[in-house]
Amino acid sequence: MSDTIQLNFTVPGDDFTRAGEASSEVKGILKKLGLSPMVVRKVAIAMYEGEINMAIHGGGGEITVEISDQWVQMVLADQGPGIPNVELAMQEGWSTAPDSVRNLGFGAGMGLPNMKKYSDEMSIDSQVGVGTTVTMRVYLNL
Amino acid sequence: MESHAYFHSVTLDQEKCRGCINCVKRCPTEAIRVRGGKAEIITARCIDCGECIRVCPHHAKKAIFDPMSIMERFQYTIALPAPALYGQFNNLDDINLILAALLKMGFNQVYEVARAAELVSDATRKYMLRPDIVKPVISSACPAVLRLVRVRFPELIPNILPIHAPMEVAARLAKREAMARTGLSEEQIGAIFIGPCPAKVTAAKMLIGGEKSAVDGVLAIQEVYPHLIGLMKKVTSADLSQAGRMGIGWGSSGGEAAAVLQEKYLAADGVENIISVLENLEDEKFYGLDFVELNACSGGCVGGVLNVENPYIAKVKLKHVRRYCPVSCNRLPNDDLSNYLWEKPLEYEPVLELDPDFRVAMEKMKEMRRIQSHLYGLDCGSCGAPSCRALAEDVVRGIATEDACIFKLRDQVEELAKGLNLLAQHMPKASE
Numbered sequence: 001m002s003d004t005i006q007l008n009f010t011v012p013g014d015d016f017t018r019a020g021e022a023s024s025e026v027k028g029i030l031k032k033l034g035l036s037p038m039v040v041r042k043v044a045i046a047m048y049e050g051e052i053n054m055a056i057h058g059g060g061g062e063i064t065v066e067i068s069d070q071w072v073q074m075v076l077a078d079q080g081p082g083i084p085n086v087e088l089a090m091q092e093g094w095s096t097a098p099d100s101v102r103n104l105g106f107g108a109g110m111g112l113p114n115m116k117k118y119s120d121e122m123s124i125d126s127q128v129g130v131g132t133t134v135t136m137r138v139y140l141n142l
Numbered sequence: 143m144e145s146h147a148y149f150h151s152v153t154l155d156q157e158k159c160r161g162c163i164n165c166v167k168r169c170p171t172e173a174i175r176v177r178g179g180k181a182e183i184i185t186a187r188c189i190d191c192g193e194c195i196r197v198c199p200h201h202a203k204k205a206i207f208d209p210m211s212i213m214e215r216f217q218y219t220i221a222l223p224a225p226a227l228y229g230q231f232n233n234l235d236d237i238n239l240i241l242a243a244l245l246k247m248g249f250n251q252v253y254e255v256a257r258a259a260e261l262v263s264d265a266t267r268k269y270m271l272r273p274d275i276v277k278p279v280i281s282s283a284c285p286a287v288l289r290l291v292r293v294r295f296p297e298l299i300p301n302i303l304p305i306h307a308p309m310e311v312a313a314r315l316a317k318r319e320a321m322a323r324t325g326l327s328e329e330q331i332g333a334i335f336i337g338p339c340p341a342k343v344t345a346a347k348m349l350i351g352g353e354k355s356a357v358d359g360v361l362a363i364q365e366v367y368p369h370l371i372g373l374m375k376k377v378t379s380a381d382l383s384q385a386g387r388m389g390i391g392w393g394s395s396g397g398e399a400a401a402v403l404q405e406k407y408l409a410a411d412g413v414e415n416i417i418s419v420l421e422n423l424e425d426e427k428f429y430g431l432d433f434v435e436l437n438a439c440s441g442g443c444v445g446g447v448l449n450v451e452n453p454y455i456a457k458v459k460l461k462h463v464r465r466y467c468p469v470s471c472n473r474l475p476n477d478d479l480s481n482y483l484w485e486k487p488l489e490y491e492p493v494l495e496l497d498p499d500f501r502v503a504m505e506k507m508k509e510m511r512r513i514q515s516h517l518y519g520l521d522c523g524s525c526g527a528p529s530c531r532a533l534a535e536d537v538v539r540g541i542a543t544e545d546a547c548i549f550k551l552r553d554q555v556e557e558l559a560k561g562l563n564l565l566a567q568h569m570p571k572a573s574e
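Respectively, the protein sequence lines represent chains W and P.
Going left to right, the first sequence walks through residues 1 to 142 as the numbering used here numbers them.
Going left to right, the second sequence walks through residues 143 to 574 as the numbering used here numbers them.
These are computed hints drawn from the structure, not numbers from a lab.
Mixed in with the good hints there might be a few duds.
[Stated by the list, open to error] Distance condition first, Cα-Cα at most 30 Å in a straight line; then the derived DSSO-like pairs of lysine-lysine:
#: 1; chain 1: P; residue 1: Lys406; chain 2: W; residue 2: Lys117
#: 2; chain 1: P; residue 1: Lys486; chain 2: W; residue 2: Lys32
#: 3; chain 1: W; residue 1: Lys116; chain 2: P; residue 2: Lys277
#: 4; chain 1: P; residue 1: Lys427; chain 2: W; residue 2: Lys32
#: 5; chain 1: P; residue 1: Lys406; chain 2: W; residue 2: Lys116
#: 6; chain 1: P; residue 1: Lys508; chain 2: W; residue 2: Lys32
#: 7; chain 1: P; residue 1: Lys376; chain 2: P; residue 2: Lys277
#: 8; chain 1: P; residue 1: Lys550; chain 2: W; residue 2: Lys32
#: 9; chain 1: P; residue 1: Lys277; chain 2: P; residue 2: Lys180
#: 10; chain 1: W; residue 1: Lys117; chain 2: P; residue 2: Lys550
#: 11; chain 1: P; residue 1: Lys354; chain 2: P; residue 2: Lys268
#: 12; chain 1: W; residue 1: Lys116; chain 2: P; residue 2: Lys427
#: 13; chain 1: P; residue 1: Lys268; chain 2: P; residue 2: Lys376
#: 14; chain 1: W; residue 1: Lys117; chain 2: P; residue 2: Lys427
#: 15; chain 1: P; residue 1: Lys461; chain 2: W; residue 2: Lys32
#: 16; chain 1: P; residue 1: Lys277; chain 2: P; residue 2: Lys354
#: 17; chain 1: W; residue 1: Lys32; chain 2: P; residue 2: Lys167
#: 18; chain 1: P; residue 1: Lys180; chain 2: W; residue 2: Lys32
#: 19; chain 1: P; residue 1: Lys347; chain 2: P; residue 2: Lys180
All chains, please: the whole structure from these sequences, using the hints.
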């Protein structure tokens, strides 16, 4: 098969309650494609964590999901403040989320570590003051 | 779509169906379509939750259950009253009156499902101690939840409590006891559940977790109720009840979870709420939960469509009637769970996938998205499908065509009118 299915989503920067809508829709599409429950779960969790990150830190942004016969790729791009120290941000429990966010049950410092854990490949391209783009891939292993 | 020989309690009365879309819109698995002016149930998808029965304004959706005459088929009959039954009566202080009335009705014996529920609670507590289980454990007592997970949430199958529901346990234990006492064979004894919902009727015909259910028939609470009302005035109380507050509590939402005696539990009821909880569980949005109780009906089993009383009133009555009951009367004799655990695992039924072949499914998904982008997104239901997305999906599955959309049709009529207009302009004018 030559081409892929591409899905585009806009994540609002000021509304937590809407974070998760995009991952939920992707989850529904992957189930209809008959992908294994494990693959669906990995994509759903990795993408949901990414959406939350974009809502909390990135001021919202754009997500492009591409489905091929080999993998599901998620590119999450925001124009937020950027991550000064990616290595530190990858540590479990490291969080810069403000109290207002923690009070809602988010900001436990598990976002990026969970994204890393549930995706098969992940790269972070971040520039302070410019924004962050996270690219994740989950392989289908058909 | 796979065509299984499914039994369903939920069925349609063709005569009464007006072809409106109330049920189509409400169905949690998108299992209903209106075709040719009548609703059709896609049987592979139906989970027998009874939502369509609840919303149908024309009473065209109904549940099949057994007639009272089923009792005549057996030499010895055992009534298995659901805890929800206890919540149907006004000013009732003594459960024994219901049980005595059931005997008066013709049953040889009564075995309360609430009694089995206490044993299932004990078995669940013991199961929860196992180190190798997937948490949170999701309750398996509501058959509509099991069927929903089976078609929509395969990721969560490992979380499901693999223990038979109280109805099944009650039937098995009661029959074994009766066989020993009477010397009759299993076939001569009928275990008849008196229950609140169509999902339980289906569970008795097509058991999940085992080969065959020990329940021989299901009577609807609403059918038995008028008989009981009369008989309850004639009987005197005898010491029949062997269930406590814990078992009876299973009749409404939260009862099962409370009986597990774990702090970190969640109890959700109502089909939309449980879907949202299942979605969240799937995404691991909840941390540190041990047990999740889910009931497809609002209020729990008292909310089943085969009850008489309003679910919330029934909940109050259930609380009232168990005031003087002991906390719990039944426990397992030892740590052996083999009589309670499922004999057969729950298996994923991929009835919602577009095609078993991934490449074909991809092509269908692209086509579906293309079709959907041309629809208006009003989700009006006039085509007979619950949403524009569902219509697009039906088209690629080959069970509908795009022109089922009345707005598409309007566009075509408009085009046609324009064409006619154009044609009229080119016609030679009649002499003036």
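30 Å Cα cutoff - pair Lys117 of chain W, Lys427 of chain P:
Between Lys117 of chain W and Lys427 of chain P the Cα gap is close to 15 Å, so the pair holds against 30 Å.
Lys461 of chain P and Lys32 of chain W were given as a pair; does the straight-line alpha-carbon distance stay at or below 30 Å?
violated, 44 Å
For the pair we were handed, Lys427 of chain P and Lys32 of chain W, check the Cα-Cα distance against 30 Å.
holds, 22 Å
Would the pair Lys277 of chain P and Lys180 of chain P pass a check requiring their Cα atoms to be no farther apart than 30 Å?
Violated, at roughly 43 Å.
Take a quick look at whether Lys180 of chain P and Lys32 of chain W sit within 30 Å of each other, Cα to Cα.
holds, 27 Å
Has the given pair, Lys117 of chain W with Lys550 of chain P, been kept, meaning a C-alpha gap of at most 30 Å?
Distance of about 46 Å is beyond 30 Å: violated.
For Lys508 of chain P and Lys32 of chain W, compute the direct alpha-carbon distance and say whether it is at most 30 Å.
Given pair Lys508 of chain P, Lys32 of chain W holds - Cα atoms ~12 Å apart, limit 30 Å.
30 Å Cα cutoff - pair Lys486 of chain P, Lys32 of chain W
holds, 26 Å
Pairwise hint evaluation, Lys376 of chain P against Lys268 of chain P, where the allowed Cα distance is 30 Å at most:
violated, 42 Å
CA of Lys277 of chain P to CA of Lys354 of chain P, is that 30 Å or under?
holds, 28 Å
Lys550 of chain P and Lys32 of chain W were given as a pair; does the straight-line alpha-carbon distance stay at or below 30 Å?
Satisfied, since the Cα-Cα distance of roughly 25 Å is no more than 30 Å.
Restraint status (C-alpha distance of Lys32 of chain W to Lys167 of chain P at most 30 Å):
Cα-Cα ~20 Å, so holds.
The earlier numbered hints that this structure contradicts are 7, 9, 10, 13, 15.
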